[in-house]
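Just so you know, the sequences run in chain order A and B. If you count the first sequence from 1, position 155 lands on 155 in UniProt numbering, and the numbers rise without skipping. If you count the second sequence from 1, position 157 lands on 157 in UniProt numbering, and the numbers rise without skipping.
Honestly, the hints are just simulated from the structure, not real lab data. Misleading hints may appear alongside valid ones.
Quick look at which bits of chain A chain B covers, simulated, 3 or more residues with Cβ under 8 Å [said to hold, decoys possible]:
#, stretch
1, 19-32
2, 178-188
Residues of chain B clear of chain A, computed beta-carbon distances all greater than 12 Å [claimed, not checked]:
#, residue
3, R108
4, E172
5, D251
6, D263
Please read all numbers here as calculations on a predicted model, not as lab measurements. Quick reminder that beta carbons are idealized off the backbone N, C-alpha and C, glycines included.
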Amino acid sequence: MTENIVLDLFCSVLHGLEITVALTVLGSVLAFICAFVFGLGRIARWRLIRIISVFYIEVFRGTSVFVQVFWLYYALPAFGILLSPFLSGILGLGLNVGAYGAEVVRSAIQATGKDQYESCCALNFTRYQTFRYIVLPQAFPRMLPVFGNNMVELMKATSIVSLISLSDITFQAQQFRIRTGQTFLPFAVTLLVYFLLYLGILFFVQSVTRLTKPKSVKV
Amino acid sequence: MGSMSNRLRKIYAVTVLFMAFSVGAVHAAQAQTTAQVPLSRLAQLQQRGYVRIGLSNEPPWTVIDADGRVGGVGPELTHAVFQRMGVPEMQGVLSTFGGLIPGLLADRSDAISSGLFIQPGRCQAVAFSEPDLCDREALLMLANGHSNPRSYHDLAKDHALQIGVPAGGSEEHAALAAGVPANRLVPISDGPSGMIMLLSGRIQVYSLPASSAQHLVDLWHEQKLTLVKVEDAPVMCAGIAFSPRAVALRDAYDHVLAQLKADGTYDRILLAHGFDPTLAREHTRKEFCAGKEVQ
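The following block holds chain A by itself, in its conformation from the complex:
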């Protein structure tokens, strides 16, 4: 009896883990892309691009991720757009966290000293060269700790997809509770699994930080 329950819980969590990990990874990739596209767009030379970027950042940062995912899943079909639950989840999480990331990208780039730009100017670097070889290698490591935080936030926010019929860990734990009436066990396991995922992200971000540490470059 107890063995059956443990096996049932193990299967449920394993099924849920697949969805949670897939959402975290794909959502983070989308968030990363959005962060760079709109973070750079926010300080672009062209006015229209700046306006579009500010619009995206403020709308997605200023409204609840919960409501955004609900919008994508329940409201968009009224406009004839039927996204799959999985795609709604990735879009909702990725676009929301991407908006925070865009501000991280912008601030990290703007934190690069004026002297750096002046030296580039003195060396007759193009805008691309300045950005690619001088600004970005200094700004990127500055972004990483905050990106790591955002990724952890995204991972934890994946539990809201249980409300749009995706069977993530939280949803599976909930179904297990309804099936068996057990509450302590599924919630304890769920907490543990989220914490292990957090450790995984921490390890990943630390590895990337080591790899991208600015080295003195011989020119």
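Fit chain B to the given chain A structure using the hints.
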């Protein structure tokens, strides 16, 4: 205009863009609802080969196992009806109980089969089939409780009682109608949560359909619980809910459901799950909807 700060101008631009987007979205929505579907919904389902059924895990009405397989009396009956309508497969779309009707209206499912009671309010939002599963409302409480309420009117009189009701369920309306103030009603998301609240004293009474209550009593067999069937509440019947745009599909479903009721298939499925097949025969959709049906 020169005095307008850069920041203000940005906020202005964002607001204008947002409003433009909203207006465009509303127009798109209106265009969508007026569009006509050329092929009948039943023909579409037959061509596709499967029907998407909105479900929430509500044992014993709907049971979902560890591998996500769908069972329980509601889905089994619905599957049998759709099979005879020429739609062989059934696909479950899981959500919370409160998310069932929004999911149906957002075209996430073709029909709901999850013990959704037919009520006037719901009749305005969705097109119900004829009643298929009926049940009494019940009150669940600890056996050593101080008071012993038998009805919603008893609950209204005892001001010390906090009453748990399923979130989005029919019990809330029944209790309010009997004079229970809203601040003594606690919405509960699922059975186990309700049981824990009952055992820890956050609520003193948990009101829910009798068969769901019996299921919880069986799960918590080591606890001494009292299950009372509410005296002043009528029998409630669930039906399959269809989109208000799918009344023709609903009518086709009703036709086959009547056939199953006549040939004994209906009785066999209900009896196998401990439901009473005679109850639904005494009631009609018309009576539960009280003239609030969508047309």
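Okay, the hints, checked on the actual structure:
1. Given as covered by chain B, the stretch 19-32 of chain A fails the check, having 0 residues with a CB less than 8 Å from a CB of that chain where 3 are the minimum.
2. With 6 residues having a beta carbon nearer than 8 Å to a beta carbon of chain B, the stretch 178-188 of chain A meets the requirement of three or more and the stated coverage holds.
3. The beta carbon of B/R108 sits about 7 Å from the closest Cβ of chain A, which is not more than 12 Å, so the claim that it is off the interface is violated.
4. Listed as a non-interface residue, B/E172 keeps its Cβ farther than 12 Å from every Cβ of chain A; the least gap is roughly 20 Å.
5. Here B/D251 stays apart from chain A, with its beta-carbon at least about 24 Å from theirs, past the 12 Å limit.
6. Under the 12 Å C-beta cut-off, the non-interface status given to B/D263 relative to chain A holds; the minimum distance is some 33 Å.
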